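S.K.: Produce the complete structure using the sequences and hints provided.
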Amino acid sequence: MKGRTTLWNPGCDHAGIATQVVVEKKLWKEEKKTRHDIGREKFIEKVWKWKEEKGNRIYLQLKKLGGSFDWDRVCFTMDPKLCRAVTEAFIRLHDEGVIYRSNRLVNWSCTLKSAISDIEVDKLELTGRTLLSIPGYQEKIEFGVLVLFIYEVANSKEKIIVATTRIETMLGDTAVAVHPKDTRYSHLIGKYVQHPFCNKKLPIVADEFVDMEFGTGAVKITPAHDPNDYEVGKRHNLPFITIFDDNGNIIGDYGQFTGMKRFHARAAIIKELTARNLLVEIRDNPMVVPICSRSKDVVEPYVKCSEMAAKAMDAVKSGELKIIPDQYKKIWYHWMENIRDWCISRQLWWGHRIPAYCVKVINAVRNVKLDDDYWVSAHSEKEAKRKAAKQLGTNVGNITVEQDPDVLDTWFSSGLFPFSIFGWPDKTKELEAFYPGTLLETGHDILFFWIARMVFLGQKLLGKLPFKEVYLHAMVRDAHGRKMSKSLGNVIDPMDVINGISLENLHKQLMDSNLDPKELKYAIEGQKRDYPQGIPECGTDALRFALCAYTMQGRDINLDILRVQGYRFFCNKIWNATKFSLMYLDSNFDYDERVQSAVNNGHSENTIGDNDWYQNTLNEDCVQDALNNYLADYPYLDGYSPSQIDTKVYQNFTVLGTNLTNYPHLHRWYKHMASYTEQEQSIFRAEEGKILSQCGCKIHDHNDSKKQLYSKTNIDSWMLSRVSYAVKVCDEAMAQYDFPTVTTACYNLWLYDLCDIYLEYLKPVFQSNDSNRKYAAKETLFKTLDVGLRLLSPFMPFITEELYQRLPRKKQFYPSICISPYPEVSECNWRNEEIEKDIDFANKVIKNIRSARATYNLPNKIKTEAFLVCSSNSLKEKLLEYRLLIETLAYSTISIETPPTGCAIVTVTDKVQVHLLLKGLIDPKKELEKLGKKEEQLIDIIHKTKQAMEVPEYNVKVPLDIQNSNKEKLRNNEGELQRVIDALSVLRA
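Residue numbers are given in full-length UniProt numbering: position 84 of the sequence shown equals residue 84, and the series is strictly consecutive.
To be clear, the hints were calculated from the coordinates, so they are not data collected in a lab.
These figures come from a predicted structure and were not determined experimentally.
Heads up, a few of these hints could be off.
Said to hold, decoys possible - Here are the simulated EDC-like pairs of lysine to aspartate or glutamate, each with C-alpha atoms no more than 20 Å apart in a straight line:
#1 K508 x D496
#2 K261 x E281
#3 K159 x E142
#4 K51 x D13
#5 K946 x E974
#6 K2 x E897
#7 K876 x E897
#8 K957 x E968
#9 K271 x E139
#10 K26 x E52
#11 K234 x E272
M.R.: Written out as structure tokens, the structure reads:
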């Protein structure tokens with residue numbers, strides 16, 4: 001809508017871990033088999049089958065949501081084109097030494113039997129002793145405690161008390177560490193303690209990493225199962241003892257504990273320490289628990305990240321890469337400054353198999369020592385053998401290779417997405433045209449998972465950032481602020497919001513899921529509580545609008561379906577407003593044609609090409625229309641190649657600063673001409689006069705073309721001024737990705753300005769015989785609808801398209817609203833702040849009269865007589881200018897005569913009062929009774945609200961949004977109470 005070439009490329013990754021888990025569960029549920037039972041090839045076949053059945057769901061959702069994707073370009077990370085890019089990227093990085101293999105600590109999931117990167121580990125904060133459900137255990141496991149136990153000093157009666165949150169890892173302890181400046185233990189440094197369960201002695205080492213204030217100031221060191229201990233172990237050359245197998249069971253010679261599951265071993269060790277009088281205490285301990293992870297010592301491929309992280313950080317600091325909102329820059333810097341190398345292997349079957357081969361040399365003598373673990377990367381086994389033979393200086397026949405059975409981290413292939421989809425590593429035209437991109441829009445939760453990896457790999461492999469800006473949207477949570485999770489059963493499918501769904505079918509979805517039976521009951525109860533009547537049909541437009549309006553909440557969106565439903569009602573309002581307008585903007589009304597006829601009233605003998613024509617007539621609509629019609633068939637003003645007439649007209653349009661957005665072909669030509677340099681334009685061929693026969697438009701009097709066929713009222717001017725204001729706000733906010741401001745401006749324009757005021761004002765206008773006023777109203781109404789629909793189009797594409805097609809425009813400049821120009825201030829230069837102030841004041845009078853009528857329960861069909869009492873004649877005359885507006889919207893007749901008795905006095909300002917004649921319209925006794933009850937209710941509500949606001953530490957403990965809500969509630973109720981008191985005084989008098 002801004003006239004630029006755009007591409008939004010759809011695609012999805014293969015979600016390695018998540019997909020494999022789902023298919024494994026399905027396999028066990030249906031066949032009672034594991035993946036190992038059926039083998040790798042058959043398991044991969046089942047994954048592909050599941051992908052074909054379920055994988056298009058996200059695409060169907062995106063289509064239903066109205067995403068303007070180029071569906072011919074849809075990509076999947078396991079497509080051959082992308083697989084080729086993944087292999088090539090790995091090989092290049094491995095050959096360069098950026099990818100290397102290392103023996104180090106990784107996070108290990110015993111359930112998945114796979115390594116997991118640091119940032120893929122969920123952190124659960126505990127305040128103290130807590131029982132948690134852990135996969136593979138029937139009973140809940142205790143966390144949030146600190147266990148203190150005794151290590152006896154060897155050959156001594158002394159002892160050291162150490163503290164740990166994971167007592168089971170003491171089986172793998174290889175040292176006890178104390179701070180070198182801790183005088184309590186300085187005499188023990190260099191001595192040993194005896195392990196109670198195995199025949200080994202552990203050295204007491206001094207290390208500054210120890211916190212003297214935590215626990216007892218002495219800590220057990222388990223290098224193979226703790227990241228901090230790992231670093232201590234390296235510094236002191238301690239042995240690394242792995243005590244867990246892939247399933248999390250105890251391995252090694254540990255007597256009764258060997259073979260136990262890790263948390264069963266935890267309980268058994270505490271029991272045995274107690275029996276040996278070595279357990280000191282178990283106390284509450286606030287801590288962070290890494291969920292679904294367990295450390296393990298394995299050899300894995302890693303990506304060196306420090307150099308790439310430094311470049312990524314510099315890109316943001318220099319402004320080359322912009323992150324929106326700004327608050328996430330700090331997170332970006334923190335991650336980059338504390339970057340760790342990236343473990344890219346996963347012990348899975350679904351994914352891109354690592355193109356690395358372990359090399360063995362047989363029957364060969366080499367000049368250099370061959371490591372037992374020598375690796376090359378290659379596109380195939382044959383290439384790997386050739387590559388290894390060349391590197392090792394031997395014949396291919398002496399080489400055997402075996403490919404790494406692991407697969408790559410999903411984020412590795414996803415990190416290549418900005419350029420792999422365009423054919424990289426080949427230098428394609430698409431890659432040249434669309435890389436780098438302009439904008440990446442995604443969730444803040446994958447800032448490091450995906451965005452950082454794309455930046456790393458884009459800069460490393462292509463030398464360019466993959467995009468210029470990153471817009472991070474909020475996370476959608478349920479109405480209670482909980483993260484949407486399949487394990488909680490609180491996920492809201494956008495299709496269910498769009499189409500609506502019954503409570504029964506919501507339950508059915510839960511039944512068909514892989515939800516834990518224990519959680520199923522809670523999830524069903526949650527659905528009953530949140531959606532007792534199911535989810536109402538809201539439609540796509542309402543959902544899109546709601547999500548964009550919600551982003552002002554900041555980091556998270558607590559999605560309330562009732563609010564989405566409210567925007568569905570807003571859609572109804574838009575539909576009905578346009579439907580009402582079309583009753584008067586019938587097929588005989590043509591805004592575009594009327595403008596042309598106004599200009600074409602006179603003519604002269606001056607033709608296009610005359611010297612004076614350029615200076616005097618290029619701003620005329622009829623000339624621009626003629627040029628536009630010609631350019632619909634030809635690329636240039638003189639046919640199929642540029643000539644001097646193109647240069648002359650372009651230069652004059654530039655000098656005049658003419659806005660051509662209403663003429664698509666002329667606008668296209670102008671932007672194209674702007675791409676030529678002055679030197680290129682100077683050598684265009686001479687014109688041949690082809691355009692002269694096409695443009696018979698002639699002008700008689702320049703001033704006559706400007707004359708109005710009608711005169712707008714101030715209300716018409718006010719409506720256009722409000723449109724102009726909305727355009728300014730939307731255009732500026734769009735440029736800043738401030739979507740809530742845009743949605744608010746659109747909402748206010750349609751609901752409050754158009755529906756509540758202007759359309760209500762027009763009803764008596766269209767019923768009158770004033771053709772001049774009606775024509776001005778139609779003109780204004782057409783402009784408002786046209787611009788208003790285009791403002792809304794990015795948020796509500798479906799309803800705006802439908803209504804745009806119904807506008808009575810014989811010359812349909814644009815076949816679809818989605819390619820029509822987004823409104824700009826230059827197109828809608830109608831702002832009149834003086835008239836807006838006048839209408840605001842008139843509207844204040846209207847609201848006060850309507851409020852008073854509501855207080856006395858007067859229905860709209862009963863007109864009241866309102867007597868204006870003003871402090872000056874000028875003020876009275878100003879209000880009388882808007883008499884029709886006030887009378888129509890306030891359901892009253894305005895009088896400037898002296899008010900009679902029996903009136904309710906409504907104070908608008910200190911200079912204006914309205915005396916509302918009630919005599920004969922109400923029963924004073926009945927109204928006194930009603931208002932008396934209303935007064936009691938309001939006093940009670942105000943009292944309770946004040947009580948709630950007076951609780952101790954209210955300003956600290958109560959959330960700010962609730963405080964603001966209470967203030968607003970109190971202010972409104974106090975205002976209403978005052979109106980009731982005033983009304984009672986009038987009635988009693």
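S.K.: Each hint: holds or not?
M.R.: Going through the hints against the structure:
1. K508 x D496: Distance of about 13 Å is within 20 Å: holds.
2. K261 x E281: violated, 23 Å
3. K159 x E142: violated, 27 Å
4. K51 x D13: holds, 11 Å
5. K946 x E974: holds, 11 Å
6. K2 x E897: violated, 55 Å
7. K876 x E897: Distance ~12 Å between K876 and E897 Cα, so the pair holds.
8. K957 x E968: holds, 19 Å
9. K271 x E139: Holds - the C-alpha atoms of E139 and K271 are around 17 Å apart, at most 20 Å.
10. K26 x E52: Holds: K26 and E52 sit about 15 Å apart, inside 20 Å.
11. K234 x E272: Answer violated: K234 to E272 is near 31 Å, above 20 Å.
Of the numbered hints stated above, those contradicted by the structure are hints 2, 3, 6 and 11, listed in ascending order.
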